[in-house]
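K.L.:
Please construct the entire structure, taking both the sequences and the accompanying hints into account.
In the order they appear, the protein sequences are chains F and S.
The first sequence begins at 234 in the numbering used here and counts up by one.
The second sequence begins at 240 in the numbering used here and counts up by one.
There's no promise every hint is true.
[Claimed, not checked] Just a few of them, taken from the derived set where beta-carbon distance is under 10 Å, the chain F residues facing chain S:
(1) A261
(2) A262
(3) K309
(4) E310
(5) G314
(6) L323
(7) D324
(8) L327
(9) V343
(10) W347
[As the list claims (entries may be wrong)] Among chain F residues calculated to face chain S with C-beta under 10 Å, some are:
(11) Y241
(12) L270
(13) A331
(14) E337
[Stated by the list, open to error] Over the 12 Å line for every Cβ pair with chain F, so calculated as not near, a few chain S residues:
(15) Q311
(16) E546
(17) A581
(18) E614
If you're looking for bench data, these hints aren't it; they were derived computationally from the structure.
Everything numeric in this text was worked out from a predicted model, so none of it was measured.
Think of the CB as a built atom: it goes at the ideal place given N, C-alpha and C, for glycine as much as any other residue.
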Amino acid sequence: MQCALLIYNNESTWKASWDSEAMQKTAAAYKAFTEALKASGAYLSSQGLGAPDTATTVRVRQGKPQVLNGPYADAKEQLGGIYILEVPDLDAALAWAARCPSAELGVVEVRPVWGQ
Amino acid sequence: MTEIDAIARRSYGKLVAFLAARTRDVAEAEDALSEAFAKALEVWPRDGVPRNPEAWLLTVARRRVIDMQRRQRRAESLEWLESVADDHDIPDQRLALMFTCAHPAIEAPIRAPLMLQVVLGLDATMIASAFLMAPATMGQRLVRAKTKIRQAGIPFRIPDREELPDRLDTVLDAIYAAFGESWTDGGRRDLSEEAVFLGRLVVELLPDQPEALGLLALMLHVDARRAARRSSTGEYVPLAEQDVTLWNAREIDEAEALLERASTLGAIGRYQLEGAVQSAHVHRCRTNEDNWADVVELYDALYAMSESPVVAINRALAIAAQRGAPSGLDILRALAGDRRLAEYQPYWAALAELLAQTGVHHEARRAYDIAIGLERDPAVRDFLRQRQERMAR
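P.N.:
Shown next as structure tokens:
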């Protein structure tokens with residue numbers, strides 16, 4: 234089955250660690266995580282997203298577009314990236330989620346990819 | 240731990256075993272008990288903990304089971320339950336209950352969670368987290384296992400003398416699964432305390448089973464080094480660099496005494512051997528006496544017994560320590576085709592280490608990356624990253 238890992242980072246800790254040694258550690262940990270996923274054959278794709286303050290939201294209500302600055306959800310944790318994995322079952326996806334560096338810093342949401 | 244939690248841990252399994260032994264309906268007994276505990280939480284803080292909390296809980300739960308059976312027009316244990324006196328002395332059938340939970344008819348992966356729930360009363364959500372499983376999935380699997388106990392008529396009894404050693408193995412394996420993969424020598428696991436409690440319970444109720452003694456010794460040895468596995472700033476400290484004064488000497492002494500007693504009972508087994516490996520590590524670190532040859536011998540015996548790839552990795556590391564990294568590396572390379580190891584972190588960590596020691600830096604770097612990527616514990620990730628960087632210089 235295909236599963237998505239939706240990575241939510243805590244905005245304040247994420248920003249505070251920018252350009253610091255902690256950030257380098259996180260980057261190295263992500264590189265290793267991706268490498269391990271590829272070696273096991275579970276990796277399908279991944280993308281990291283720009284910071285939430287670069288986000289713009291669009292709604293269309295009664296035919297009228299509304300465009301706003303900033304991310305949709307006003308939450309401490311913000312979507313920062315996504316992995317798509319090929320795994321035998323949910324348990325395997327959860328094992329990968331627990332190894333994801335952001336599991337320590339934020340939250341990793343596991344969702345099956347729809348329509349398989 | 241609150242007083243009610245402590246009572247739950249001591250009494251839960253006894254009460255489940257007592258209530259369900261006739262009907263084999265574990266779920267019904269648990270429902271009744273959860274109501275009894277809810278009532279205790281309401282009444283005890285107000286009126287004080289009763290003199291005999293177990294009997295109090297049994298009375299409430301027993302009445303609840305009687306209600307349920309009457310309502311469903313079942314009478315499996317009605318007459319008997321009604322005849323039980325309120326101050327009934329509750330026999331300790333927890334060992335029989337453990338054999339039920341670890342029965343061969345129950346799927347192996349659910350035996351440990353089932354035992355933690357039914358014997359200790361841990362809730363499914365907590366167990367699910369510890370085993371990295373979705374709470375809903377864990378809940379369903381536990382329900383299915385309990386249905387199986389009832390429908391398949393799995394008995395609540397301690398197996399006969401001939402059957403006992405084999406059946407005891409499944410109980411010990413489930414306890415060890417709850418303890419976690421002590422192989423990695425990582426940090427504290429969520430359920431280690433519960434597993435040690437269950438291990439003690441088996442030893443208390445079956446004092447002459449050498450493997451039960453061996454398992455408890457193994458768990459105590461691993462547990463004894465817990466405080467030394469982290470520096471004051473939270474960094475991971477490998478065995479060879481640990482401050483031995485931080486080890487729990489009382490637990491080590493107890494483990495040594497258990498191994499000693501096991502060795503007089505004349506049947507060697509996996510857990511005694513693994514306990515002996517830990518004992519050898521302790522001796523070496525305390526005295527600086529090279530005993531890797533002994534460790535290799537113990538792993539040879541373990542490997543002959545199980546041919547497990549996990550044992551093979553540890554054997555390779557011991558051989559590397561005894562005869563040099565290339566000898567260990569040859570063994571690890573021979574394991575490379577084993578699919579079971581593709582996502583097994585200790586394999587990649589061991590491979591990285593021995594590759595680095597033999598100067599194969601390019602391959603070592605990739606193996607470190609995979610080991611780091613497979614590791615859940617941030618402290619161990621940092622440790623491996625430092626090893627990787629040190630090699631680059």
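K.L.:
Compare the structure with each hint and give your call.
P.N.:
To see whether the hints hold, each was checked on the structure:
1. Interface restraint check for F/A261: the shortest CB-CB distance to chain S comes to about 6 Å, inside 10 Å, so the restraint holds.
2. For the restraint placing F/A262 at the interface with chain S, the shortest Cβ-Cβ distance is roughly 6 Å, inside the 10 Å limit, so the hint holds.
3. Of the supplied interface hints, the one on F/K309 is violated, with its beta-carbon coming no nearer than about 20 Å to a beta-carbon of chain S, more than 10 Å.
4. Residue-level restraint check for F/E310 is violated (minimum Cβ-Cβ distance to chain S is 18 Å; threshold 10 Å).
5. Interface restraint check: F/G314 against chain S, minimum CB-CB distance 15 Å, threshold 10 Å, status violated.
6. Hint on F/L323 holds. Least Cβ distance to chain S is approximately 6 Å, under the 10 Å limit.
7. Below 10 Å, beta-carbon pairs count as interface contacts, and F/D324 has one with chain S at about 6 Å; its hint therefore holds.
8. At a threshold of 10 Å, the smallest CB-CB gap from F/L327 to chain S is about 5 Å, leaving the interface hint in force.
9. This hint holds: F/V343 has a C-beta 8 Å from the nearest C-beta of chain S, less than the 10 Å allowed.
10. For F/W347, the interface hint is violated, the least distance from its beta-carbon to any beta-carbon of chain S being 18 Å, above 10 Å.
11. For F/Y241, the interface hint is violated, since its Cβ never comes within 10 Å of a Cβ in chain S; the closest pair sits about 17 Å apart.
12. Restraint check, F/L270 versus chain S: the minimum CB separation of about 7 Å is within 10 Å; hint holds.
13. With its C-beta approaching chain S no nearer than about 5 Å, F/A331 sits inside the 10 Å limit, and its interface hint holds.
14. For F/E337, the shortest C-beta to C-beta distance to chain S is roughly 5 Å, which falls under 10 Å, so the interface hint holds.
15. Annotated as non-interface, S/Q311 keeps its C-beta farther than 12 Å from every C-beta of chain F; the closest such distance is 34 Å.
16. The Cβ of S/E546 lies farther than 12 Å from every Cβ of chain F, with a closest approach of about 23 Å, so its non-interface assignment holds.
17. Against the 12 Å criterion, S/A581 falls within the reach of chain F, whose nearest CB is about 5 Å from its own CB.
18. A cut-off of 12 Å between C-beta atoms contradicts the statement that S/E614 is not in contact with chain F; the least separation is 7 Å.
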